[in-house]
Amino acid sequence: MFPINTWYVACTADEIDEKPLGRTICNHPIAFYRAQGGKVAAVEDFCPHRGAPLSLGQVCEGKLVCGYHGLEMGCDGKTVSMPGQRVGGFPAIRSFPVEERYGFVWVWPGEKDKADPALIPQMEWHNNPEWAYGGGLYHVKADYRLMVDNLMDLTHETYVHSTSIGQKEIDETPCKTTVNGDEVMTSRFMSDIPAPPFWKAALRAKGLADDVPVDRWQICRFTPPSHVIIEVGVAHAGHGGYDAPAEHKVYSKVIDFITPETDTSMHYFWGMARKFNPADKALTAQIREGQGKIFSEDLEMLERQQRNIGTHPGRKLLMLNIDAGGVQSRKVIDRVIAAEKGAAE
Amino acid sequence: MFPINTWYVACTADEIDEKPLGRTICNHPIAFYRAQGGKVAAVEDFCPHRGAPLSLGQVCEGKLVCGYHGLEMGCDGKTVSMPGQRVGGFPAIRSFPVEERYGFVWVWPGEKDKADPALIPQMEWHNNPEWAYGGGLYHVKADYRLMVDNLMDLTHETYVHSTSIGQKEIDETPCKTTVNGDEVMTSRFMSDIPAPPFWKAALRAKGLADDVPVDRWQICRFTPPSHVIIEVGVAHAGHGGYDAPAEHKVYSKVIDFITPETDTSMHYFWGMARKFNPADKALTAQIREGQGKIFSEDLEMLERQQRNIGTHPGRKLLMLNIDAGGVQSRKVIDRVIAAEKGAAE
Amino acid sequence: MFPINTWYVACTADEIDEKPLGRTICNHPIAFYRAQGGKVAAVEDFCPHRGAPLSLGQVCEGKLVCGYHGLEMGCDGKTVSMPGQRVGGFPAIRSFPVEERYGFVWVWPGEKDKADPALIPQMEWHNNPEWAYGGGLYHVKADYRLMVDNLMDLTHETYVHSTSIGQKEIDETPCKTTVNGDEVMTSRFMSDIPAPPFWKAALRAKGLADDVPVDRWQICRFTPPSHVIIEVGVAHAGHGGYDAPAEHKVYSKVIDFITPETDTSMHYFWGMARKFNPADKALTAQIREGQGKIFSEDLEMLERQQRNIGTHPGRKLLMLNIDAGGVQSRKVIDRVIAAEKGAAE
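Chains as they are written, first to last, in the working numbering: chain A, 1 to 345; chain B, 1 to 345; chain C, 1 to 345.
The hints are simulated quantities; they were obtained by calculation from the structure and are not laboratory data.
Hints may be right or wrong, so weigh each one.
Remember, identical chains collapse to one label, so a pair may be satisfied in a single copy or spanning two.
Claimed, not checked - Okay, derived cross-link-like pairs now, SDA-like style, lysine to any residue, Cα gap no bigger than 25 Å in a straight line:
1) K78 / P313
2) K141 / G310
3) K78 / I229
4) K141 / S265
5) K63 / E300
6) K168 / V212
7) K206 / R188
8) K176 / C75
9) K168 / R101
10) K141 / I309
11) K141 / H312
12) K112 / E72
13) K341 / Q328
14) K39 / L208
15) K112 / V327
16) K112 / Q167
17) K200 / R188
18) K141 / K316
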């Protein structure tokens, strides 16, 4: 139920250090580690000798050594050596294309020869002095598409996040959804409204008044397999809203990389890239903490929604105008999966 | 494996306050809440919009509002409104008849048009100045009928509750079981015996000697679907036992409302209505604590019994004379279920 | 997947005291208790009355009394008595042959009439003033044969136990495996090497220098159903190694009794019988603690290996020369099981 010939975020770069990292991606248990020169490698988390998980092993000078009997596994899934053994006839295990980019490790769970690093999406904010980034990771026991739905319909902010970013004006302002090839965009522009607590704090951090009316925008963009980037921000009212000059607004991108773990669980990498006060590390930490708290409010809802849907598999859900973002994103996902299957046959 | 056209206790009145309560009754996940005027309502715990559990939502001025996207659900399972939406075509969800009585909320999980509040059993002790009541709730991972068996055969007190209400004389005194329509009664009268610790304390609370021989009685009454009310007490010997004048005895009713959660788990509402020192609130609290401790002694036994039975589904259990209360109660249950099925066909 | 006409260690003698012990052996839930005179008895953990687990009951003067309604069960699985009941027609439950020996309780889960106590293996170290013994019990969620594999291939010490008993010389020294009837022996002799930390401490405990080269040996012996006894030790180099006189060496037996709980879990009784400083109880405690810590290092590996194998049931594992001990042991196990099946048909 997910595309496989595509790049997913597997972990943040700092999750792999001297020890390998074991993580299941799209139903594949994978051992990630840093091979020689620090380059990330990914192989099936299954030692061909006796089935031990390679992620319980060690990395010695860039070599992944099984922690049970010392088999040394190569980046390509072929055994390099084992004490006292000739390894030529050992069966190979799967290896997975991986790339490190933007502070994340990206993995390609499908056909290896189609893995083109150029397909990893561009992130303008990375290594850009005008931007600062902070984020985190949540494990959620729900189908990854429920998170896509969640992020492509921000009316839920009014209810789930009522004390931070929610406000009734979101609910009251229609959104507009468009599809452009594989990209789905759903946007909402609110004019002359009070800023909710999160944005008041952002305005203050930039030295702007927080008690005046603002224009607020939310522009959600889905791209396959399951990335959602959301332009968010507020500008003092009357200066052009989204197009206002930088000195009148605070502007960020919510970054969401959603990686299926299994059919009913996901790794959710969330973060915020902001285009104001980029050098203020305390502000980065403060926003990260606040965002982490806000985004944690969704988890119980999604996990319970998953259980409810699992209990009533035949029941059809509604597809309202506010759901258009999620509905269209799912159509793109279905099309990508169908295309993969067609190409395979 | 349970009657459905009947009233079950779903919760105590104070479990539903400003927030809805989500609880599964007879395999139905249900959201309970207080609608306008404080009247309790019960609807399927499934928002027709996207399947979120309504019990995670809010109640605003008697309206149940989904905590995900603000759909407002009516008591009748029909959507009342949703911001920016026309809801006329939204599919209805189930609603369940509910009544609040005796400090409990009663729910009818079966056919709505058969739900007659007059079928809720009478409780003489409620709002009666001669009586005081205290009780609690246990969740037990066992078929609700194992609790019926337990309460309709009090010889287990000798073993499970040996330090409080058990005594060898229970085991040594035969019980008598009679069936009168749908009511099963099993009774035991013990004469001229020492009082066990629980009853010694009750005698002292009433200012009666606790070191003299007593007559003791246990009269268990089962009524469908799964209520067991037990008259219990002791009187100083030689004053007429069960029929002794009030000044020579302490007398209570053990109240047991047993509600199936699933086929192998239950909500067990236990309590004691007592007809002595009714104004003594400290005594009520003390008895409630003592009873809670005693009744908790049954839980591991029942859960382990359930697991044993689940492991050996084909094995037949014995039906001894002491089991007659449970056996007859199960016959009534089976008859009620068969009648429901017959009526449905 | 395990022999049943054989003796398994069920528990240590001190695990059964005044209360019965409930433990599942080879998929049979069993209640163990001390009958009259302290002799251990074992019956199915299922009261024939209502299916309660007998292990939740009491032992009164050597009689096992069900904790629910007082049924008294005999050692032979026949009900002895029950208050107010004639028990002649009660169905019998299974009883299991049990023997107490070497501080362990041994149980025979198969055909009763084949249970010959003489088949319990001899343990020379028990009640022998030249030896001291200490050990413990781990519950492991893995097929018991994974532990046999583990113990019959000690190259894993280099990786799993690198800070205590592991050293690269184990990996570098070939082992030799021989089969003699049902006994499988795999041995390794290392000459003129440094002692690893565990053996340094043992040398010091005996007053021997720990900074001189030693000869080290490991002689693993598997016997059915799943016992592994390992002779281990070091001698100062140049004195004859394994055959060196006692004053130049420290010498122990690692004792492993591996009992299947279910098809994918086991009770692992580990210990060490040592033939030096036998009267030093502080040393016994210290070795027991050290060994417990070392052996706990295997648990995560085996449980994760079990999960990996369960995920890929069709995948064949390698059988290298170092695996010969485990491979041959499994062949013996398969042969014993096949013989049991043949005899049964």
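Against the structure, the hints come out as follows:
In this homomeric assembly, K78 and P313 come within 25 Å of each other (Cα to Cα) only across copies, at 21 Å, whereas the closest approach inside a single copy is 42 Å. Both within a single protomer and between protomers do K141 and G310 lie at most 25 Å apart by alpha-carbon distance, with minima of 12 Å and 22 Å respectively. Taking the closest pair of Cα atoms, K78 and I229 never come within 25 Å of each other, the shortest separation being 38 Å inside a single copy and 36 Å across copies. For the identical chains of this complex, K141 and S265 are neighbours both inside a copy (4 Å) and across copies (24 Å), given an alpha-carbon limit of 25 Å.
When the C-alpha separation of K63 and E300 is checked against a cutoff of 25 Å, the pair qualifies only between copies, where the shortest distance is 22 Å, while the shortest distance within a copy is 40 Å. For the identical chains of this complex, K168 and V212 are intra-copy neighbours only, at 17 Å inside a copy versus 71 Å across copies, given an alpha-carbon limit of 25 Å. In this assembly of identical chains, K206 and R188 lie within 25 Å of each other by CA distance solely inside one copy; the values are 24 Å within and 71 Å between copies. In this homomeric assembly, K176 and C75 never come within 25 Å of each other (Cα to Cα): the closest approach is 46 Å inside a single copy and 33 Å across copies.
With identical chains, the CA atoms of K168 and R101 are never at most 25 Å apart, being 38 Å at best within one copy and 38 Å at best between copies. Both within a single protomer and between protomers do K141 and I309 lie at most 25 Å apart by alpha-carbon distance, with minima of 13 Å and 24 Å respectively. For the homomeric pair K141 and H312, the shortest alpha-carbon distances inside one copy (17 Å) and between copies (23 Å) are both at most 25 Å. Taking CA atoms no more than 25 Å apart as the test, K112 paired with E72 passes inside one copy only; the shortest distance there is 22 Å, against 49 Å between copies.
With identical chains, the CA atoms of K341 and Q328 are at most 25 Å apart within one copy only, with a shortest distance of 20 Å there and 45 Å across copies. Neither within a single protomer nor between protomers do K39 and L208 lie at most 25 Å apart by alpha-carbon distance, with minima of 44 Å and 48 Å respectively. Proximity of K112 and V327 under a CA criterion of 25 Å is satisfied in neither setting, with 30 Å inside one chain copy and 35 Å between copies. In the homo-oligomer, the alpha carbons of K112 and Q167 never lie at most 25 Å apart, since the shortest distance is 46 Å inside one protomer and 39 Å across protomers.
Taking the shortest alpha-carbon separations for K200 and R188, only the intra-copy value of 19 Å comes in at or below 25 Å, while the best inter-copy value is 72 Å. With identical chains, the CA atoms of K141 and K316 are at most 25 Å apart within one copy only, with a shortest distance of 21 Å there and 32 Å across copies.
The structure shown violates the earlier hints numbered 3, 8, 9, 14, 15 and 16.
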